[in-house]
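Trainee: Each chain is listed here by its residues.
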Amino acid sequence: MYVFRGILLLLTLWFLAVALLLAFGESKSTGGPLGGVAQVYNAQTVAETTSTNVVAAINFDWRAYDTIGEASILLTAVTGVTALMRRYIERRRETGAT
Amino acid sequence: MQQLPRRRVQRQQVERQAEMTVIVRTIVRALLPTLLAFGIYIVTYGHLTPGGGFQGGMIIVGTVMSFYLAYGYNIVRQFHEEDLDLAEHIGALSYLFTGLLGVVAGTWFLTNIIRGGTPGTLLSGGIILVLNFVVGLKVASGTLLVLLILLESLQKGE
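Protein chains in written order, with this note's numbering: chain A, 1 to 98; chain B, 1 to 158.
Simulated from the structure, these hints should not be mistaken for lab results.
Keep in mind that the hints are not guaranteed to be accurate.
Listed below are the simulated SDA-like cross-link pairs for lysine to any residue, each with C-alpha atoms no more than 25 Å apart in a straight line [claimed, not checked]: (1) K156/B / R93/A; (2) K156/B / E90/A; (3) K156/B / N74/B; (4) K156/B / E82/B; (5) K156/B / F24/A; (6) K156/B / T21/B; (7) K156/B / V104/B; (8) K156/B / A83/A; (9) K156/B / R87/A; (10) K156/B / T107/B; (11) K156/B / L11/A; (12) K156/B / I73/A; (13) K156/B / T82/A; (14) K156/B / T79/A; (15) K156/B / Q12/B; (16) K156/B / D66/A; (17) K156/B / G80/A; (18) K156/B / R91/A; (19) K156/B / V81/A; (20) K156/B / G106/B; (21) K156/B / V76/B; (22) K156/B / I89/A; (23) K156/B / R25/B; (24) K156/B / M65/B; (25) K156/B / M85/A; (26) K156/B / E94/A.
Partial chain A-side listing against chain B, Cβ under 8 Å, derived [what the hints assert, rightly or not]: (27) R5; (28) T49; (29) T50; (30) S51; (31) A57; (32) A64; (33) Y65; (34) I68; (35) A71; (36) L75; (37) A77; (38) V81; (39) Y88.
All figures in this text were calculated on a predicted structure; none of them were measured in a lab.
Even glycine gets a Cβ: it sits at the ideal position worked out from N, Cα and C.
Could you put together the complete structure from these sequences and hints?
Mentor: Following this line, the structure appears as structure tokens:
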């Protein structure tokens, strides 16, 4: 059993190493420390979005569609909590907001 | 006996039920405007400095939670959960309607159509500013609602 787990661990680490090498090799092939789309973000943020915060520009302009998903996670979490803990909401309502 | 104003009686009750010492309570009360202003600053200047709607909203929630830690449960009971629920839904719908502005203008969903202004000033970034504000409202009210319900579940039932 331990041997099997050891082999599995080694395989996972090898796979991770290959994936990381591929990823960093890919970025190096485009030249410069920033590869691929990072260069575009770095060069075009201020010109295209008139925002000086690159993270905010990515979150709310280029990838704003992803942020909808991110915000809907919170909405789903709140909906789940209010549905599961309805008992406590009712008790809170009965004891009354002072 | 002199009749005290109702607000002052309420305040005395709150002080009596407090969980922490007067030092902690005074510091939290003195820090309230600073912490709230910091949270609102992080939300509003999200497109210029590090931060944004998510982070600033959590700072505002942290302000309220520090009041809970210092004063006990009764101070956070003053929030109505319907208001927080409404604020959360207004935030979510405003995000979608801001995205639909792009469709109305003839481009794609969530296109930054109102970009403009000089970079580095407050009124720039177009929908980034709007979406930061909306997400800040949503995160603050939603997380506060969840935390208030969880805090109610910690209280002993009658």
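Trainee: Next step is simple, just say for each hint if it's right about the structure.
Mentor: Each hint tested on the structure:
A distance of roughly 15 Å separates the Cα atoms of K156/B and R93/A; the hinted pair therefore holds under the 25 Å criterion. Distance restraint check for K156/B and E90/A: the Cα-Cα separation of roughly 14 Å lies within the 25 Å cut-off, and the hinted pair is therefore satisfied. Only pairs whose Cα atoms come within 25 Å are accepted, and K156/B paired with N74/B is accepted, the gap being roughly 13 Å. For the proposed pair K156/B and E82/B, the alpha carbon gap of about 23 Å is at most 25 Å, so the pair holds.
For the hint linking K156/B to F24/A, the alpha-carbon distance of about 55 Å lies beyond 25 Å, and the restraint is violated. Under the criterion of a C-alpha separation no larger than 25 Å, the hint pairing K156/B with T21/B is consistent with the structure, at around 23 Å. Our distance criterion of 25 Å between C-alpha atoms is broken by K156/B and V104/B, whose separation comes to about 52 Å. For the proposed pair K156/B and A83/A, the alpha carbon gap of about 20 Å is at most 25 Å, so the pair holds.
Between K156/B and R87/A the CA atoms are separated by roughly 13 Å; this keeps the pair inside 25 Å, and the hint holds. For the hint linking K156/B to T107/B, the alpha-carbon distance of about 55 Å lies beyond 25 Å, and the restraint is violated. With a C-alpha separation of about 51 Å, the suggested pairing of K156/B with L11/A is violated against the 25 Å cut-off. Between K156/B and I73/A the alpha-carbon distance is near 30 Å, which puts this suggested pair outside the 25 Å criterion.
For the hint pairing K156/B with T82/A, the CA-to-CA distance comes to about 19 Å; that is within 25 Å, so the pair holds. The hinted pair formed by K156/B and T79/A meets the criterion: a straight-line CA distance of about 24 Å does not exceed 25 Å. For the suggested pair K156/B and Q12/B, the alpha carbons sit about 23 Å apart, so the restraint of at most 25 Å is met. With a CA separation close to 41 Å, the supplied pair K156/B and D66/A exceeds the 25 Å bound.
Restraint check for K156/B and G80/A: the C-alpha separation of about 22 Å stays at or below 25 Å, so the hint holds. Distance check on the hinted pair: K156/B and R91/A sit about 11 Å apart at the alpha-carbon level, within 25 Å; holds. For the proposed pair K156/B and V81/A, the alpha carbon gap of about 19 Å is at most 25 Å, so the pair holds. Among the hinted pairs, K156/B with G106/B is inconsistent with the structure: their alpha-carbon atoms are about 56 Å apart, more than 25 Å.
Restraint check for K156/B and V76/B: satisfied, since their Cα atoms lie roughly 16 Å apart, inside the 25 Å limit. Using a Cα cut-off of 25 Å, the hinted pair K156/B and I89/A holds, with the two alpha carbons roughly 14 Å apart. A hinted pair counts as satisfied when its Cα atoms are at most 25 Å apart, and K156/B with R25/B qualifies at roughly 24 Å. Of the supplied pair hints, the one linking K156/B and M65/B holds, its CA atoms being roughly 19 Å apart against a limit of 25 Å.
For the given pair, K156/B sits about 15 Å from M85/A by alpha-carbon distance, which is consistent with the 25 Å threshold. Only pairs whose Cα atoms come within 25 Å are accepted, and K156/B paired with E94/A is accepted, the gap being roughly 14 Å. Checking R5/A against chain B by beta carbon gives a least distance of about 38 Å; that is not within 8 Å, so the hint is violated. Taking 8 Å as the C-beta contact cut-off toward chain B, the hint placing T49/A at the interface holds, the least distance being around 6 Å.
For T50/A, the interface hint holds, the least distance from its beta-carbon to any beta-carbon of chain B being 4 Å, beneath 8 Å. A cut of 8 Å between beta carbons decides the hint on S51/A: the least distance to chain B is about 4 Å, and the hint holds. Contact between A57/A and chain B, as hinted, is supported at the beta carbon level, the nearest pair being about 6 Å apart and thus within 8 Å. Satisfaction of the interface hint for A64/A is found here, the shortest Cβ-Cβ separation to chain B being roughly 4 Å, below the 8 Å cut-off.
Proximity of Y65/A to chain B holds as hinted, the smallest CB-CB distance being about 6 Å (cut-off 8 Å). At about 7 Å, the closest approach between the beta carbon of I68/A and any beta carbon in chain B falls short of 8 Å, and the interface hint on this residue holds. Interface restraint check for A71/A: the shortest CB-CB distance to chain B comes to about 6 Å, inside 8 Å, so the restraint holds. A hinted interface residue such as L75/A counts as satisfied when its beta carbon comes closer than 8 Å to some beta carbon of chain B; here the least separation is about 6 Å, so the hint holds.
Residue-level restraint check for A77/A holds (minimum Cβ-Cβ distance to chain B is 7 Å; threshold 8 Å). A distance limit of 8 Å between C-beta atoms decides the matter here; for V81/A the minimum to chain B is near 5 Å, and the interface restraint holds. Evaluation of the Y88/A hint against chain B yields a held restraint, the C-beta minimum of about 4 Å falling below 8 Å.
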